[in-house]
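Engineer: Sequence:
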Amino acid sequence: MAADRETACQASAGTGAVDGSGYLQKFRLYQTPSKFYMVGTDKNRTQWRMLTIDRLEASELIIHEDPTVYSENECHDLLTQAHEENILAGGLRFVTKCYGIAGFVKFLGPYYMLLITKRRKIGTICGHTIYAVSKSEMIAVPNSVVRSSMTYSKDENRYKRLLHSVDITKDFFFSYSYKIMRSLQMNLCDNETGPVIYESMFVWNEFLTRGIRNLLKNTTWTVPLVYGFFKQAKLSLAGENFWLTLIARRSRHFAGTRYLTRGINEKGEVANDVEIEQIISEDAPVGIPSEITSVVQNRGSIPLFWSQETSKFNIRPDIILHKKDKKFEATSLHFKNLLTRYGSPIVILNLVKSHEKKPRESLLRAEFANAIDYINKDLSEAKHLKFLHWDIQRDTRRRGANVLELLGKVATRALDITGFFHLCITPSLRIQEDLIPDSADKTYNGDKLAKPPKFQRGVLRTNCIDCLDRTNLAQYAYGLAALGRQLNALGFIDVLEVVPDSPLVDDLMVFYEIMGDKLALQYGGSTAHNKIFSERRGQWKAATRSQELLRTIQRYYSNAYMDAEKQAGINIFLGHFQPHKVKPALWEQDTNQQYAFNDENMRCIPENSTEHFSASEHICFSEHRYDISDCSNFLDFDLLSSLENSCEDEGYDRSSLITSPMRNHPTKDDTDGAIGEEITILSGGHPKVKEVEAKQREPSTGTAESSKRSEFSDRFADWVAFGGPLCY
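Numbering (full-length UniProt numbering), first residue to last: 1 to 728.
In short, the hints are calculated from the structure, not lab data.
Nothing here was measured: the structure is a model prediction, and the numbers come from that model.
For each residue, glycine too, the CB sits at the ideal point set by N, CA and C.
Computed cross-link-like contacts, SDA-like style, restricted to lysine to any residue with a CA-CA straight-line distance of at most 20 Å:
#1 Lys160 with His576
#2 Lys43 with Lys121
#3 Lys97 with Thr219
#4 Lys267 with Lys324
#5 Lys267 with Glu199
#6 Lys170 with Asp517
#7 Lys231 with Lys518
#8 Lys106 with Leu574
Ranges between beta-carbon positions, derived for each pair:
#9 Ser153 with His253: 27 to 37 Å
#10 Pro500 with Gly419: 20 to 30 Å
#11 Ala140 with Glu72: 24 to 34 Å
#12 Arg45 with Arg93: 18 to 28 Å
Input sequences plus hints: build the corresponding full structure.
Structural biologist: Here it is as structure tokens:
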């Protein structure tokens, strides 16, 4: 548990040297007809190791690690000997240099080895370098003679293409010496090393590396890949520099695309589960700060069984609520997992709509509120889930509320509850040294702790319907509130908030806007709807509206025409589907739907029944089903109301969404609100969908999918896949 980790807190983000020099980082691959020889060395070229991979076995992975640590000359002698022993077969030949093994994979034929052949530095944390993958290569393990004798399947290349559709050169990152799949607080308070770190929900090549890790019982030759977002930059405040690092870690559990992975699964894992960490540290001359702070927040799909059917004819498909978990057991598992990861309390910020002409999101809002109420009845008061159900779109439409200011108030209250991580150390206490496992309130003298550490206990979990657009805005507001406290803890400012007109406000906004775009592309197929960010920058309102429209078209096309193949690639990469010669191929199975429809499933149709909430738990509640007032059990809603009322005399004005008075603002429109997940571009607002009960589903990949895409130009398809300008 989180509390146990604090009491046993160790300042250990890796067992090797701070700069990672004790880890193998550079590799060279050689081959003979019978073996691959991989030679690895550390950053300083002082330690040399050798790995051999058998090439004569057709379908089994045979790997041997030489336990001896060699010098460079000794390693050269071994390679020379291998060359002479194989001189009649062509000798020892150089294949490629690389920077680690990303994994091994087998479809219907031979094993393949995935190598990282180019890397680039993208940042450092506590002196540990963080890299992104620039280039990769997949090499068949058996030699050409063995491969020619194997039974060839026409599906082999198709599976290879699916695997390559998960491009590890886009948004994947790693470190040799820092456990980047874990938060700073967890790294400094938990000294777990070795294969166990690959079991993290944020290591995407866990399945691909499982074979070699099981054979060698170590992780010397592999690198754990994290998928999401990483950005680091040096910023300045009053002439003093500091480092801002923003990390997003996407969970591999229940991973996939927007309409094909919704809600929760039986294990309590939710779709689009992303951990966001914001790290602020001083600008240390040697790269290892003596003070560092971090704060973690979470986003994830509404933890209920629900789904949507992708449709070529409906830009906003019906939401289907599956009533298969009447006791909310999966939802309870999800929050138990969050408690294990982050401690208590869990603060839920639910931003889905409460009022709609045609109930969609509001159905999930009502059921989510019921689930929280049900779960809290079995929890001690100290561990009660804290929640705020808030339809911010409705408030901006009705009152012209200042969304960022209101979200900032919510974020401040959440930070009061959870706190953040702050560690102050002297030069003698570094990553590899022990932090005294004693009370967090105790101050140490000498060359130990200069200040008592502070720990984050609990987490803010934010969601809207897609956990993309509204969620990203809320997470920016939380990051901004945290930035003030982090800078205050480091001594950069005397107050707990950043001045609204400070350049840092816009600097942080750029970070969250870029992150939001990346996460939206990964899950939703388009960049995020960033209307408020665009308006704050003073972007022309007509340009903002056209941008939002294009993003909606891009997201719709991606969801309707590309997501099936994208989902299939993810399932192959993560090992959710493993090909077998006697079993149907992936594209012959129905993988487009997570849950089969049955009589217990409920399509979103409003009912006249009454929704009941416990008055003791909720500050406010409504008697009308799907017309639930904004409710919270941790925040005084009068505070928000007073802020909202201050805007009422001004009437409805979109410009009041923006904090800065010196900006251009858009006019009111009939789309999905100020910060909508989608913009309805079809007439009528809510297009109807034909329901076909016994529809034959199309395969996940192949000709059917290609024929759909042929309706559009290649330029358009490239724009959907990779973004950028769309010009004709």
